[in-house]
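Colleague: As you go down the protein sequences, you meet chains P and V in turn.
Going left to right, the first sequence walks through residues 368 to 751 as our numbering numbers them.
Going left to right, the second sequence walks through residues 156 to 785 as our numbering numbers them.
Since the hints were derived computationally from the structure, they do not count as laboratory data.
Check each hint, because a few of them may be wrong.
In silico lysine-lysine, BS3-like type, Cα no more than 25 Å apart, as pairs [said to hold, decoys possible]:
no.	chain 1	residue 1	chain 2	residue 2
1	P	512	V	342
2	V	625	V	767
3	V	261	V	363
4	V	552	V	625
5	V	363	V	342
6	V	458	V	358
7	P	532	P	584
8	V	342	P	422
9	V	342	P	619
Counterexamples of contact, computed for chain P against chain V with all Cβ distances above 12 Å [claimed, not checked]:
no.	residue
10	393
11	396
12	454
13	503
14	673
Distance ranges between label pairs, derived from CB positions [to be verified]:
no.	chain 1	residue 1	chain 2	residue 2	range
15	V	393	P	571	54 to 64 Å
16	V	269	P	621	38 to 48 Å
17	P	576	V	390	25 to 35 Å
18	P	391	V	558	49 to 59 Å
19	V	463	P	605	51 to 61 Å
Predicted model, so just to flag it, every value in this text is computed and none were measured.
Ideal Cβ positions, reconstructed from N, Cα and C, are used throughout, including at glycine.
Chain by chain, the residues:
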Amino acid sequence: MTTRPYAAARRTLSLVDKLFEINWGLVLLITIIAGIGFAMLYSVAGGAFSPWADKQMIYFAAGFALMIAAALVDIRVWMQFAYPAYAVSLLLVLAVFLVGHSALGAQRWIALGPLELQPSEPMKIALVLALARYLHGLGVDDVSKPLRLMIPLVMIAMPAFLVLKEPNLGTTMILIADGTALLFLAGLSWFWIVPTVTGIAVAVPLAWRFLLHDYQKQRVLTFLNPQSDALGTGWNITQAKIAVGSGGVSGKGFLQGTQSRLNFLPEKHSDFIFTNFAEEFGFVGCIALLILFAVVIGYGMQIAMSARSQFARLLAMGVILNFFFYIMINGAMVMGLIPVVGIPMPLISYGGTAMLAVMFGFGLLLSVHVHRQVEIPRLSAGII
Amino acid sequence: MPLFDRKDKSRYVSFTRRTLMLGAGMTGVFAVLAGRLYQLQIIEGDEYRTEAEDNRVNQRLVAPPRGRIVDRFGIELADNRRNYRVMIVAEQATDGVDAALAALSKVILLPPHQIERVQHDIAVNKKFVPVPVAENLSWEEFARINLHLPYLPGIQPDVGETRAYLYGEELSHLLGYVAAASPDDRKSDNDLLLELPGFRVGKRGIEKEYDRQMRGEGGISRVEVNAYGRIIRELSNEQGTPGEDVYLTIDCQLQRYVNEKLGEESAACAVMDAQNGDVLALTSTPGYDPNLFNIGISETQWKALTDDDHKPLLNKAISGAYPPGSTFKTAMALAAVDNGLADLQVNCTGSMTLGDREFHCWAWKKGGHGHVDLQRGIQVSCDIFFYEVARRLGIDKMSEAARSLGLGVPCGIELPGELGGFIPSRAWKLARFGIPWQQGETLVNGIGQGYVLTTPLQLCMLAARIASGKALLPRVAHEVGAVREPRVVPTALPFSDNAFAAVRAGLNAATNEPGGTAYAWRITEPGFEMAGKTGTAQVRRISKEERLTGVKDNSELPWNLREHALFIAYAPVAAPRYALSIIIEHGALATHPHVQMARDILLFAQQRDPAKLPTAYPTHSADTGKAGRA
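Excised from the complex, chain V in its bound form (with noise of 0.2 Å):
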């Protein structure tokens, strides 16, 4: 081959002697692996595997303590506090472990429930997992545990972290609460923190939803120790990594105030900053003590908060969906004027007919309103008035409108289980029931009955949007650790200036003009008046021989068939600040205490006025200049 190098022939020769030369070394290191292997894994093997077993150094998993959750006046609503615990390990306990817990329970108390949890736990842990026997101990209890240790094998001593919910029931479902990590946890999430006895992950409310960023990183701790367990030394520390700080945007003052106010009632409130979405306070009564999932909750706690027919559990605030009732009637009113019902009049006699159906204002005993045009349609709720608004607006636009308010949906707020409520349409109607839409119906949703179906968040989130005119987002969490939750700039609503303008006079003329259906509980310190718009949720269907023998008033019925009681204000009215929505299940009373307590509620936040004073959120310089443009 002339075309090449004649030395390429001789290249190759020594190229193929020396890559089998190679060859055989490669194999030579193989062969050594494959010695070392044999003599790891089969001529020392039942050693390695009896190490492997008992594995003198431990590797502790170290809980990173957790984040708190803060209030936007930095006054903290979830802290850790030192927890004496006593922790039992199975395999120590020389004598058994009934043995020791008879011993342990001569020196502490311990009910037999917790007994019987704890020798459940140890059943279902490995044996030399340590088990918590008794948590939140005093330090006499724990001081005398310690004293008397020594007659007390497989017993452990131990400082840990506990959650401490400083205002207990009063921000219980905001905050929800941390609990032991459940089989199902450990399942969906890989942490090998959940493997931690005693290790609590957070189970309801901001608890929940920043429960990954409020947790932190495990540290690491080896320990080498004896054929006991008793560690002889640490080899090592690795420090985790703290949980992030939760800043929220509730006002805590504004939120204890609010709770005092609803009392023991089964009821929900809203505030909100009118202007940017803050949720200034976000209540549900009654509440539940969050420490006592903490601790560990007895049976009979358990069993009394579930069976309380005022559903202390349940969120009702973001959970509960209800019939909006009248409030609804100001999103009504919206549509009308940007749908040529600017100037619609209306003479209420107290009922009209549709068809075969006779439907009657509540107002009807009194002989109807007479003339009445939309503010006044709104400043005494007159039903026919609004009938007449749906009759001609129909089911379509009617939902639209309330759709573009942002009802139907999830407002989307930073707290698990949120209910979006619900607007019904001509296409959902047949495809549940198979029967074709009703205008009877659309006379009914009108008036926030029927289908309709709201949170009071999305309620509160209403008053805000009409008091602003923006389509306003609830927001209760403003930073998780050094991370600003974005604030979504809030866009117009589909709805012209005038629509707005003519919604308002009417809420202005519900509570301070004479006449308005909360004229009496209005607000009276100039400057502070509120504007708002009762309503009430029918829980029952009132039969036609009721009707003529005379509705029940709803003083006269059993509590929970009585009617829901509603509100949504805003405040003050020249350049609304506050927004609030509040519902008291089953409280419709002629004394409208729900309209009470939103003005006892709108005046002291008012008063105090939480939006202008200056949060107490950590500063990060990356992002001053966006908050000042914010």
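In isolation and in its complexed conformation, chain P is listed as follows (with noise of 0.2 Å):
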């Protein structure tokens, strides 16, 4: 296929060669859009690394080195762990109900000894590894197929309906958005798409206007997302919008944003850490972090595209849309876009859990990448 003495063509890598086969740039990206997070928690913090800057460095610096191990581990092997991965996630999100606790009205955590574990977070991960390998097994037109497309929908349903029960309706979303681009990419035929698209499309605006009265749209949001009325006057957006906004051009300067330091937003360090960013550094600042983020997606569909299993190619954009869909509901959630959910923003919000969640998916990505020469024979799949 190619003359060039191309490492990872060998049939086995050595660990050396796999160190100099991870994809460095990428890395680097990352590691810079973090950084530009250790310093947004420490402006939030009124320029101190305590409470929070400290501590998310340890959580980079564990998620950094559970980065580097899952790139080195080979892919079959990961595809080996999809389906028990998928298993114990659930176990977990499940248990949520039986021994978590909640924060902000909702259920979300469970603690493991001295850690706290958001399990929606790892859930993600599993359910992208557990579809990619279910669908490495199914030829294009099998997709499409009643009985075949059941399954990859069920294991998309149940940890969505119990994240949903959290309640944590952004992981829902999600869950759901991953599990059903993956369907997409495996080359779910039309025919079912677009019904079904339109067919939503139409229901839901017609049965929130003409079905549900207003009170009942209320508690249905209300339950959604408990958060959203704690004041009953859409404060956390309002506030947002105007730290967003007030940043203007250029933003009042790292260590100056007054939205945040005066303590008019809530959940500053976490979901909301993107307001302080946009109030500091403007409409500048923000285009620039927007970039970055565009070209790790960037570097991930390359990852993707130039994969040669079908498994590594669906994780690859499994973890890269994954990504993609905390940007996109974090960002329209503090830009007032949509309502608020409980979405942090990637690598940049507080928070261990996410930051080791979306780090191990990073060094899927890079395994796929390290390894995107290797070949799996679709049948080695199984049909599960």
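Join the two chains into one complex using the hints; note that each chain is given alone, in its own frame.
Modeller: Written out as structure tokens, the structure is:
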């Protein structure tokens, strides 16, 4: 195929070969984005490393190690792990109901000794793994057969339903989006896609408009997202918009943001951290950050398209789409385009579980890149 | 590629196509986000900027109530009470700040220095920050202000909380005080509460030690205000967390009694439970009124405190380091017994010579003590006997013994500013002065003069350790909120039972047998007898000429050249429960007022017996078992 002495083309790669094969440019980009996060956490703490920036750096360091470790593991091993990982993650999500505790009116956390875990974060990665494995075994034509399609739909629906009951609408949306996007990439027929999308697009607004009374709508909104109504005045979103808008073209400057420093913003260190960035670095900074994100996504797509097995391709795209959906939902939320749902800005918002999950996802992406020449027979995946 | 499915190629093509489609979709989403940013930041940016500047919704931090400080029987020592105060908001004073203050001074009394302070505070704060003008107003003054409010633009009456120290001076050093947060406080602590005008932080004593715990967490009240800053409505109110109460081991009654006894002297006294190290009283006189610092101390008051030669701002009990004088002989006697000097006999003629230097016994004028053994040495506090002990032990063993008794390092009591005193060593001397250790210094340090320094708290601990034979550590805080302060289980001290028995016998003889240095001021009530050791710490050096012409009596000297008077004791002799140390600065008089005070205090303590009365600490089910064993 190529005359280049290409290490990845060999059947087995040594650990050193693999280290050289890691896409260090992508790693650098990820580190830069995380660094912006540290700076923002430093800023919202009023110019102090404590209580967030210092811990976030530790989370990132741990995530970094996890990422490199994941990158060095053979892609076929990840394939072997796909279903067990899915099962364990699903059990953890289930465990939230039994032993979890709530924060901000939603039950999302379970305690593992001294650690707190938000099982919906690993669930997203596990779902991508499991779907990629399942779809690896299906040809383009098979995907659209109703019986074959049932299984992945159930695989998506189970965690989505559980997470919705927490309630965590944002993660539910991401799970469904990740899952359907993978089905789409695996070649789901347009005969399924077009009617479904049209149906939903027509039915939801109609139901919202004509079937539900105002108080019911309010109740649905409040149920799906308890924090949105904390003040009954859309406080969060008003303040977030003021923060973003007041940044102007070039921002107020590092550590000069007034909105978050004066505590006008709730959750300023987690879900709403982007508003502080927007306030301090303005339009120019925001566009630069979006470009950084876009380049990471572009890298990811390129990695996906250059992999030789369907599993690897789907896995890479799953990770990248998951990353993208985070950015999309968080960005749209803090800019007041969609209601407030609890989704952090990846790599930037404060949070250990999310950081580890995102970094692990990048580890899988790097693994796809390192092992892009590995070919996996379709049938080796089995039917399930 | 026969190994692979023939459909793989079609899958790859389909995947790539659809990936690119998704890529286009993602680009679209990013374009929408960028567009939204453009709309918010560039098109509407100016609007939002104005909105950010005069954010009409004010978020106010609500100060939580500060935790109380309570003694072992539940008596409140520091509490909060209502504080009627009046604030001024510069940007709302439509006629100007000066006019507003002038108008206000017609309603309540405003001294000029207070007006100056307000003007200064306004200058350093933002214009919308309310600055306190006067606090702790009477209800009448407060009512008057409210009545005249329509004519006082920018003036805001307000009800806050203020710290009240119910026993004022008597517990001033122990409790410390709260005062307005300084810029340094704000720098080292980024709790937003400190930004609140009028917020108080602990500055000394327990208030400082447990400041974070007693402070609590601020609540948040979001209010909508109109253009004049008047509150239209409260949007939400998140309750903060009240500060934790601190439960001390102190017995307020005993503390006050001690304080009363010390009177006007520059003195310090510590009383401790000799079985577990709980400090029952810890005083330093003179004190100061902690309420003054809370309300705002005037310059003259501050100057009076700092200029006083009795140093009312110094907690002498833990931050005063004094030569222990003859009280140190107790430690030397312990070391003597365990180093084969139990049967040492010395003939005291009033002086001894070492090299070309002459060393005197305090009783040299009387011709010395004659034949002295260890018990008598302690009883009559014979310097010659302890010079001999020191000469034979040598500085290394002496220092080791003193250190093993806890001297030379802070006791670790839960109070800021505790000193560790000092125990010299050969290495220190050489490093500090470049001269090797001299044997003469061994002798001088052996009677607690020279380089040796101890704090009154350490001396009280020494008395408790001799009484119990255990390495007790003093402890003043029992519980903070629901958290029990750890009580270290005391280990055994590295001295034999014989040594303790010998020293205790000596101390008993010093107080309860004729000829003892404290015999005249012993406790005579049967069953309450105390055992103790007097001490005098020289402040000046007695010259050879003076010794020849006759050493001046302390009563002939100016106050600040007189010797310090010390006493350590425990009681009752039979089963020691209370240990005490007392020092009166420059108070060494023939009438031994400090021993008299110690006698009264120990008698009072035993008759009241706070160590055996049931305490009023809140019980927590989790640690009742532990408490039972402790």
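Colleague: Has the given pair, residue 552(V) with residue 625(V), been kept, meaning a C-alpha gap of at most 25 Å?
Modeller: It holds: about 20 Å lies between the C-alpha atoms, which stays within 25 Å.
Colleague: Cβ-Cβ distance between residue 576(P) and residue 390(V): within 25 to 35 Å?
Modeller: Distance hint for residue 576(P), residue 390(V) holds at roughly 30 Å.
Colleague: Take the C-alpha atoms of residue 342(V) and residue 619(P), compute the straight-line distance between them, and say whether it is at most 25 Å.
Modeller: The given pair, whose Cα atoms are some 22 Å apart, holds under the 25 Å limit.
Colleague: Is the hinted pair residue 342(V) and residue 422(P) satisfied, with a Cα-Cα distance of at most 25 Å?
Modeller: Holds: residue 342(V) and residue 422(P) sit about 21 Å apart, inside 25 Å.
Colleague: So does residue 463(V) sit 51 to 61 Å from residue 605(P), Cβ to Cβ?
Modeller: holds (58 Å)
Colleague: Beyond 12 Å from every Cβ of chain V: is that where the Cβ of residue 454(P) lies?
Modeller: holds (26 Å)
Colleague: Holds or violated: residue 512(P) and residue 342(V), Cα atoms, limit 25 Å.
Modeller: violated (66 Å)
Colleague: Can you let me know if the beta-carbon spacing of residue 393(V) and residue 571(P) is within 54 to 64 Å?
Modeller: Once the Cβ atoms are compared, 35 Å apart, the range 54 to 64 Å for residue 571(P) and residue 393(V) is violated.
Colleague: Given the hinted pair residue 363(V) and residue 342(V), is their alpha-carbon gap at most 25 Å?
Modeller: Within the cut-off at roughly 16 Å; holds.
Colleague: Minimum C-beta separation from residue 393(P) to chain V exceeding 12 Å: can you confirm that?
Modeller: holds (16 Å)
Colleague: Evaluate the given range 49 to 59 Å for the C-beta pair formed by residue 391(P) and residue 558(V).
Modeller: Holds, since residue 391(P) and residue 558(V) (Cβ atoms, about 58 Å apart) stay within the stated range.
Colleague: Mind checking the alpha carbons of residue 532(P) and residue 584(P) for me, to see if they're no more than 25 Å apart?
Modeller: Measuring from Cα to Cα gives roughly 18 Å; hence the hint holds.
Of the numbered hints listed earlier, those contradicted by the structure are 1, 3, 13, 14, 15.
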